[in-house]
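Student: Assembly of the complex is requested from the two constituent chains, each provided in isolation within its own frame, with the hints serving as guidance.
For the record, the sequence lines run as chains A and B. If you count the first sequence from 1, position 139 lands on 139 in our numbering, and the numbers rise without skipping. If you count the second sequence from 1, position 133 lands on 133 in our numbering, and the numbers rise without skipping.
I should point out that these hints are in silico values taken from the structure, not numbers from a laboratory. Predicted model, so just to flag it, every value in this text is computed and none were measured. Built from N, CA and C at the ideal position, the CB exists for glycine as well. Keep in mind that the hints are not guaranteed to be accurate.
To be verified - Label pairs and their computed distance ranges (CB to CB):
1) A:VAL17 with B:ARG43: 55 to 61 Å
2) B:ALA224 with A:ARG50: 29 to 35 Å
3) A:GLY283 with B:ASN281: 28 to 34 Å
4) B:GLY241 with A:ARG183: 35 to 41 Å
5) B:SER259 with A:ASN227: 42 to 48 Å
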Amino acid sequence: MHDDLTAALDKIEAGAVLEDRDWQALTGGRDLIALGMAADTARRRRHADRTTFVQVVSVSVSAPVPADPIGGDAGEVRLAGRPATAEAAVAAVRTLADRAPGVPVTGFAYGDLDALCGHDPVRLGDLLVDLREAGLAQVASLAADALVDPEPVVGVLRGSGSAVSSLTFGEAVGSDVWRLMQRVKSWDGIGGICRALAPLPSAEPSPPTTGYSDLRQVALARLLVDNIDSIQVDWSRHGPKLAQVALTFGADDVDAVPAVASHDQGWRRSPREEIRRNITAAGFRPVPRNGRFEAVEP
Amino acid sequence: MTIASIAARVRDGRRIDGRDALRLYTGAPTALLGRLADTIRARKHPSGVVSYIIDRNVNYTNVCVARCAFCAFYRPVGSGDGYVLGFDELFRKIDETRAVGGGQLLLQGGHNPDLPLPWYEDLFAAVKSRYPDFRLHALSPPEILHLSRLSQEPVPVVVRRLVRAGLDSVPGGGAEILVDRVRRELNCYSKATADEWLSVMRVVHEAGLRSTATMMYGSVDTPAERVEHLCRLRDLQDETGGFTAFITWSYQPANTALSGVEATGIDYLRTLALSRIVLDNFDNLQASWVTQGGKVGQLSLAFGANDMGSVMIEENVVRAAGAEYCMDEAEIVRNIEDAGYVAKRRNMTYDLLGDPLFRRRAIPRRTTLAVARPAGDTSLPAELSRYPARSRPGREQRSAPDPRPA
Ligand code: SF4
Numbered sequence: 001m002h003d004d005l006t007a008a009l010d011k012i013e014a015g016a017v018l019e020d021r022d023w024q025a026l027t028g029g030r031d032l033i034a035l036g037m038a039a040d041t042a043r044r045r046r047h048a049d050r051t052t053f054v055q056v057v058s059v060s061v062s063a064p065v066p067a068d069p070i071g072g073d074a075g076e077v078r079l080a081g082r083p084a085t086a087e088a089a090v091a092a093v094r095t096l097a098d099r100a101p102g103v104p105v106t107g108f109a110y111g112d113l114d115a116l117c118g119h120d121p122v123r124l125g126d127l128l129v130d131l132r133e134a135g136l137a138q139v140a141s142l143a144a145d146a147l148v149d150p151e152p153v154v155g156v157l158r159g160s161g162s163a164v165s166s167l168t169f170g171e172a173v174g175s176d177v178w179r180l181m182q183r184v185k186s187w188d189g190i191g192g193i194c195r196a197l198a199p200l201p202s203a204e205p206s207p208p209t210t211g212y213s214d215l216r217q218v219a220l221a222r223l224l225v226d227n228i229d230s231i232q233v234d235w236s237r238h239g240p241k242l243a244q245v246a247l248t249f250g251a252d253d254v255d256a257v258p259a260v261a262s263h264d265q266g267w268r269r270s271p272r273e274e275i276r277r278n279i280t281a282a283g284f285r286p287v288p289r290n291g292r293f294e295a296v297e298p
Numbered sequence: 001m002t003i004a005s006i007a008a009r010v011r012d013g014r015r016i017d018g019r020d021a022l023r024l025y026t027g028a029p030t031a032l033l034g035r036l037a038d039t040i041r042a043r044k045h046p047s048g049v050v051s052y053i054i055d056r057n058v059n060y061t062n063v064c065v066a067r068c069a070f071c072a073f074y075r076p077v078g079s080g081d082g083y084v085l086g087f088d089e090l091f092r093k094i095d096e097t098r099a100v101g102g103g104q105l106l107l108q109g110g111h112n113p114d115l116p117l118p119w120y121e122d123l124f125a126a127v128k129s130r131y132p133d134f135r136l137h138a139l140s141p142p143e144i145l146h147l148s149r150l151s152q153e154p155v156p157v158v159v160r161r162l163v164r165a166g167l168d169s170v171p172g173g174g175a176e177i178l179v180d181r182v183r184r185e186l187n188c189y190s191k192a193t194a195d196e197w198l199s200v201m202r203v204v205h206e207a208g209l210r211s212t213a214t215m216m217y218g219s220v221d222t223p224a225e226r227v228e229h230l231c232r233l234r235d236l237q238d239e240t241g242g243f244t245a246f247i248t249w250s251y252q253p254a255n256t257a258l259s260g261v262e263a264t265g266i267d268y269l270r271t272l273a274l275s276r277i278v279l280d281n282f283d284n285l286q287a288s289w290v291t292q293g294g295k296v297g298q299l300s301l302a303f304g305a306n307d308m309g310s311v312m313i314e315e316n317v318v319r320a321a322g323a324e325y326c327m328d329e330a331e332i333v334r335n336i337e338d339a340g341y342v343a344k345r346r347n348m349t350y351d352l353l354g355d356p357l358f359r360r361r362a363i364p365r366r367t368t369l370a371v372a373r374p375a376g377d378t379s380l381p382a383e384l385s386r387y388p389a390r391s392r393p394g395r396e397q398r399s400a401p402d403p404r405p406a
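Same shape as in the complex, but just chain B (with noise of 0.2 Å):
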């Protein structure tokens, strides 16, 4: 087929396969894949509301033994830098959080192996005891498939005890691209396979939960590489439907193991229109302004986005690999109300909630983003040692006498 007619094909609402959406991907100019992603945007989203999330975004470990070739935030068992957060800390973050309004955390961590399948069952019970509508959006599919092999438990088995203590969704994070052959070369293939990550979505969606799915390229895949991973992530909502959105964002190569270049703005606003054509079947697609900026984050908007993303409060992955930008709320609708749509906020499952929350009370303006910790704190918190650390580095750590004053 012709660019052309595979262009009618998308305005006329109809599905292209993966060889056409290559071509798409590969020969369009970059204005008729922004408008083709734009037409199936208004058609989805026709009242003209771009919606956004006050939730904060929180690494509760650093301690990973995943060593991903692409990922600067990482620390290995046993570094000086290394940290768990404490129940306690947790709970001053949400605190934060829902004192600008914010509902939820988006947390997800580290295969930190000190970390046992009871510490997360116990952290969700009494975030819920002490915050029952707080909503908790946690662990990808690699690290629930993590807790599984280090509990010796199937994967059903650990998403029903990780429900019952709590979770509410699941973020689709640690998806990077769904092809074994990039996978492998990203050094990611023993945390999850292609196939791995995408049977932990189905069960996932199985038990009843929703979950977002993303796509992290630009790293070693190639084009035709990012059309099978969205290729597979449609498959599986034509199965399930619990993708409630979509995120791309590109490779930040700054201080990884990987190293090399970060794609170009265009590339992201191109991929960004191939997702919104390929993913017929989701409804939401995030602009990714913590990797591109706001400006560009903004022209996603252009480009098939209907969803300016989360406030986020705190970051910490992507602004170890040298990006660091920050939005509030005041500034996320503006630029959405700059691009000419009305703004509201929403929740997980993308309902909304209603008009911008600051326009009806003060809340602080915020320049920059926190991060999990202070630089240099790597105290261990105290509820830590009523679990099995299973690293010697861990258990050595555990058994010490605490060096903090009494």
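This is chain A alone, in the form it adopts within the complex (with noise of 0.2 Å):
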């Protein structure tokens, strides 16, 4: 192993502030392999074989109606999009929740349901009241390149009894994510309310990034984000195979596995039977989870 990249691994088992050197052979070496052990080193301490998957059925906030009935293998319904308004959030939840019984529903940006409430926080804290006595199990994401000071946010979400599901780096891309990772680290009382880091960027930048840069990532955010449980990658946005690889990695939570198969190439075989085979050949143990993170292992 290089050097250069030894002495920035100790530093970071150590907490020990990095420097620019520090940061260059984390990020730019072509070592990456010793940064995956080390981070599966961590997660593998955290979580030991154990990798959770949840499958979702994703439905619009403007029709809250899934075009299919919701199956027994789905952990969550999402609603994806952004509400018109306050009340028309509130009414999709409450929709959908009698559709799903039994399944949580998640969905909404964080920063979406804030605008909204026009950036007041005591709207925003009745809102997410009534959220989730409509039915909304978690806020679905937070982005955290768009938090300057997470203390009124964090304030507002355990004042309202909500709780985040995945904590995003939105676009943020190259060494705009290592600066945000160090900020999340510094973040009190952020993983009482998220319970998922996803590292990767939400939408494929131009150019798009590449296996070693995903890697790198989310190698990162498990060795230097210590106080967030789970680091998260998603089967439908980064596809399967990166998703794997990722598991090696420091991932240790699956998102967005679809409940349903897909019948474009022809039924091959479940999503179910596809994650956990994907996660054993990675070398762990699949364990379904739902929208609240609670393992739903028959």
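Tutor: Next comes the structure, spelled out in structure tokens:
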């Protein structure tokens, strides 16, 4: 292993401040596997060989009626899109909770709800309570890149008894991500309201990220952000192959596994069998979870 | 031996046998396999160069009598979708390839009973007379065997005639898994048994040609059979030294008779790493981005690959089985450099030709790979009438009046 990389990994282990030279070694070197091994050790310390996954039915907030009946494999029904009004958001949650009894309903980006409330923390707190009472299990995402001060956010979420499924870095790439990781690491209380960190960009930038940059990002997220429990990859967005390899680089949770098989290439294997096969082939133990991060293994 | 002692043996640069290879493959953590493969790659390629080739992957016909169960590309004799490319079409493809800096065609196709050996000889000779420096990396061992059977000439004679016409080197396609149990199940035993594939390669190497070797895993094969395949290649390489490179990819199941599911990304990286470890007498291992996608393709560089393969320009076979990825020269170079390596162009024998071409001259970006022919174009090239067809549909087609306007 390259000396600079060893030194940087030792500093992370000791909780020391990283300097430019360390960042260069961590983000620019050829020795990707050494970084992955360090992240894998950190991940196994926390989760051993357990890898959770959630099968999601995605429903548009503007038409909150699932196209198909929600099947037995669904662990979460997620409202996608930005609601037009606070009332529409609550109504959509209520409709969906009625149609999917027993399956946690999640949805919305925290920033969208905040904007709907005119960035007024009191109104936002009330809306979050209304959403929770209508049946919202978790807010789907919170974008770290748009967050200047996390304290009021943590306060509003805590005060309303709400939680967020995934902290994201939005569309940030490259050095912006490394800066964000260091900021998130310093945020007190974020781990109590946010169960998982999704470190890869929510939309593919142009030019697209590379396999090396994605895996470095996943590995460094696990090594640096020790105040959030899970590092998450998105099965649908990043594709089964990259998502699977990311499990050996520090990720321990797979989001957005389809709940229903796609028939575009003919039916081959159910998504549950496919995700189990991939997790097992990566050397981990698959554990299905629901939208509240509760294991749902029968 | 324990995994640790096998790993130590690999680190020391000593050969491991098939039993130990299987133990590593089935028991070693993925990161360990990757580290061992990367150690060997670094030893064989200490300069940190990762190479690639600008060439075009052309399939001259999709008509095939072999009917391999894993193939989504072929059409049976007489099919309305069957095609044969004409000499002029191939010349156009060569012109396009040269325009983006390419110097070679990778030319493979189905076992078409209506294309006799002289058709290949005339094609190769015509290419060489128009483009004397252009290289023909053509005809995998099963195609050569098919021509031997069709022409009733022994393989060495067929190879000699093809070389005389202009054949430069031979691609390692059609190997699948070099174990006859697997080949019988895949219905590719009759196109070439494991021994036949290897003996054609031996003839090719003895004729002074270089070739590549391949392995398609993940269909009906077991880990032990993959290891056996690698060991058989290693044995032949010990004997002839004729292989320039090895390429492995996973079986692509969509639209095939065999169907099934594709091996995972981790399976690919583990198989690639094991190949680097077992094939200690091969200098070069290519990444298969065309089956794994650009991201896992790039990760191959951490698991033993030292070459990003071809920019391809055109691809028909993998696309037919459901995978459709594209990387042009600029994208391949971006991925190589992002992984911390130096990108260099090469030829088939892995001589380095220079720095990326797109930095020296404007080359239009490409986001999709071309196809052999536009969909639905099954027109018959004019020169085909000069060659006798063996099949009844082929004979009928060639004697029918040309429907095209004069
Ligand atoms: S793999 Fe080649 S030989 Fe087999 S059916 Fe397809 S085209 Fe024919």
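Student: Now, for every hint given, state plainly whether the structure supports it.
Tutor: How the hints compare with the structure:
{"no.": "1", "hint": "A:VAL17 with B:ARG43: 55 to 61 Å", "in the structure": "violated, 36 Å"}
{"no.": "2", "hint": "B:ALA224 with A:ARG50: 29 to 35 Å", "in the structure": "holds, 30 Å"}
{"no.": "3", "hint": "A:GLY283 with B:ASN281: 28 to 34 Å", "in the structure": "holds, 30 Å"}
{"no.": "4", "hint": "B:GLY241 with A:ARG183: 35 to 41 Å", "in the structure": "violated, 56 Å"}
{"no.": "5", "hint": "B:SER259 with A:ASN227: 42 to 48 Å", "in the structure": "holds, 46 Å"}
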